[in-house]
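Q: Letter by letter, the chains look like this.
2 protein chains.
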Amino acid sequence: MLTLFHHPMFAACRFVRLVFGEYGEDLALIEEKPWARRKEFLTLNAAGTLPVLLAEGDTPLVGATVIAEYLDETRGVLKRERRLFAEGPMERAEIRRLIDWYLTKTDGEVTRHLVRERVLKPVMPAEDGGGSPDSGAIRAARANIRQHMKYTNWLAGTRHWLAGPRLTYADLAAAAAFSVLDYLGEIDWREHAAAREWYTRVKSRPSFRPLLTDRVRGLSPVSHYADLDF
Amino acid sequence: MLTLFHHPMFAACRFVRLVFGEYGEDLALIEEKPWARRKEFLTLNAAGTLPVLLAEGDTPLVGATVIAEYLDETRGVLKRERRLFAEGPMERAEIRRLIDWYLTKTDGEVTRHLVRERVLKPVMPAEDGGGSPDSGAIRAARANIRQHMKYTNWLAGTRHWLAGPRLTYADLAAAAAFSVLDYLGEIDWREHAAAREWYTRVKSRPSFRPLLTDRVRGLSPVSHYADLDF
Numbered sequence: 001m002l003t004l005f006h007h008p009m010f011a012a013c014r015f016v017r018l019v020f021g022e023y024g025e026d027l028a029l030i031e032e033k034p035w036a037r038r039k040e041f042l043t044l045n046a047a048g049t050l051p052v053l054l055a056e057g058d059t060p061l062v063g064a065t066v067i068a069e070y071l072d073e074t075r076g077v078l079k080r081e082r083r084l085f086a087e088g089p090m091e092r093a094e095i096r097r098l099i100d101w102y103l104t105k106t107d108g109e110v111t112r113h114l115v116r117e118r119v120l121k122p123v124m125p126a127e128d129g130g131g132s133p134d135s136g137a138i139r140a141a142r143a144n145i146r147q148h149m150k151y152t153n154w155l156a157g158t159r160h161w162l163a164g165p166r167l168t169y170a171d172l173a174a175a176a177a178f179s180v181l182d183y184l185g186e187i188d189w190r191e192h193a194a195a196r197e198w199y200t201r202v203k204s205r206p207s208f209r210p211l212l213t214d215r216v217r218g219l220s221p222v223s224h225y226a227d228l229d230f
Numbered sequence: 001m002l003t004l005f006h007h008p009m010f011a012a013c014r015f016v017r018l019v020f021g022e023y024g025e026d027l028a029l030i031e032e033k034p035w036a037r038r039k040e041f042l043t044l045n046a047a048g049t050l051p052v053l054l055a056e057g058d059t060p061l062v063g064a065t066v067i068a069e070y071l072d073e074t075r076g077v078l079k080r081e082r083r084l085f086a087e088g089p090m091e092r093a094e095i096r097r098l099i100d101w102y103l104t105k106t107d108g109e110v111t112r113h114l115v116r117e118r119v120l121k122p123v124m125p126a127e128d129g130g131g132s133p134d135s136g137a138i139r140a141a142r143a144n145i146r147q148h149m150k151y152t153n154w155l156a157g158t159r160h161w162l163a164g165p166r167l168t169y170a171d172l173a174a175a176a177a178f179s180v181l182d183y184l185g186e187i188d189w190r191e192h193a194a195a196r197e198w199y200t201r202v203k204s205r206p207s208f209r210p211l212l213t214d215r216v217r218g219l220s221p222v223s224h225y226a227d228l229d230f
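Residue numbers (the numbering used here), protein chains in the order written: chain A, 1 to 230; chain B, 1 to 230.
What the hints contain is simulated information worked out from the structure, not anything from laboratory work. Check before you lean on any hint, since a few could be wrong.
Note that identical chains are pooled: a pair holds if it fits in a single copy or bridges any two copies.
Unchecked claim - Here are the simulated BS3-like cross-link-like pairs (lysine-lysine), alpha carbons at most 30 Å apart as the crow flies:
| id | residue 1 | residue 2 |
| --- | --- | --- |
| 1 | 39 | 79 |
| 2 | 121 | 39 |
| 3 | 33 | 121 |
| 4 | 79 | 33 |
| 5 | 121 | 79 |
| 6 | 33 | 150 |
| 7 | 150 | 79 |
| 8 | 150 | 39 |
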């Protein structure tokens, strides 16, 4: 069994857990406090970022896209119609564009900021940057959510899954990001029917179950978080 | 011939140009003002980011890593010992980690900020965010350069090329970032002999020549910028 260093409220870590879940492969989880810069962890990844996968031979693989490409090369190619990636270079490029959209762009404009202010800062020691949330940062992140919802709604309304006719990494990356925001009660699903229908489909998959039981200290999820008919 | 929408001082765009150069393939360049959010450009890439490659069939490919993976799948696999990627999944993961290090981490901690403050703001209209550079942002970015130089010096002192025995995407990503910083005179090479020796080797390659003749309006490069024996 491989080991993942993760944080339960980081979209990129949730994405990797979903991929393992879809491929039916067990994964040992080690929760890492990303602000602690633990020495043993830094020897695995000098950048101190999450996720890090200890792959075959305990080689650390750093970052969601690096891990996803590795898993496709070592698992996905053998999965036939259950492969979470496409065969053709153009279709692969589209899936990669969407992984990057949700795990880099959405993260940098929305997710990461809300997680830092609402989840991490209240439990971080003051000397590591903990303390009261910055309401300006929260407001700025919230102002950006709508654009990402609209874009997802457009994709979900145009295609069966976000990157085309099949479930791919793109859906798992997007759902990972939205599941974090949904936990925090930051998403108004009513205005985005196509996105909601798509998210319900992803959320109903067995791979999603472990994410729906995640809880963070001192912060309960919004009431519909684990509800499959929200 | 394919077309690249780029900015001459963006590391990720330089990286793509270096890859085309190494593969001996001509590339049409269209310089894009990233702050202008030109309508025709946004139809190619709703995120408005650079680089964007118009690939076969004029399909837009967004982002340096997406483009690099596409070029490997459509060109690299045929290049034998001139391939800029490795064969094995682990070696590929290491190359991807380093692309991400230089084009995301170094960019987010150093390069992007110095380019914004020193290159873009002086020529941007005030209503798009132009104006005087923010000296605090410049100071913060400069404080981070040393760590990236030290890490590169360690890699270059341990391996022949940054990801191992052969020239790969990792070298081109790192050299793209350093070439931008070097243009701006932000690098003190004297303290980092191994990094300097490595950079001299990359800089001497024919693929690098077009980058050494790049000039941006109102800002000349540091005197040794195009000097192969600096």
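Q: Please go over all the hints and tell whether each is borne out by the structure.
A: Structure-based check of each hint:
1. 39 x 79: Neither. Shortest intra-copy (37 Å) and inter-copy (41 Å) distances fail the 30 Å Cα cut-off.
2. 121 x 39: within (21 Å within a copy, 39 Å between copies)
3. 33 x 121: Cα proximity of residue 33 and residue 121: one copy only (11 Å, versus 37 Å across).
4. 79 x 33: Neither: 34 Å inside a copy, 43 Å across copies.
5. 121 x 79: Result: close neither inside a copy nor across copies, 41 Å intra and 49 Å inter.
6. 33 x 150: Answer is between: at 26 Å across copies they meet the 30 Å cutoff, but 32 Å inside does not.
7. 150 x 79: For residue 150 and residue 79, neither the intra-copy (32 Å) nor the inter-copy (42 Å) Cα distance is at most 30 Å.
8. 150 x 39: between (42 Å within a copy, 18 Å between copies)
In the structure shown, a violation is registered for the earlier hints numbered 1, 4, 5 and 7, in ascending order.
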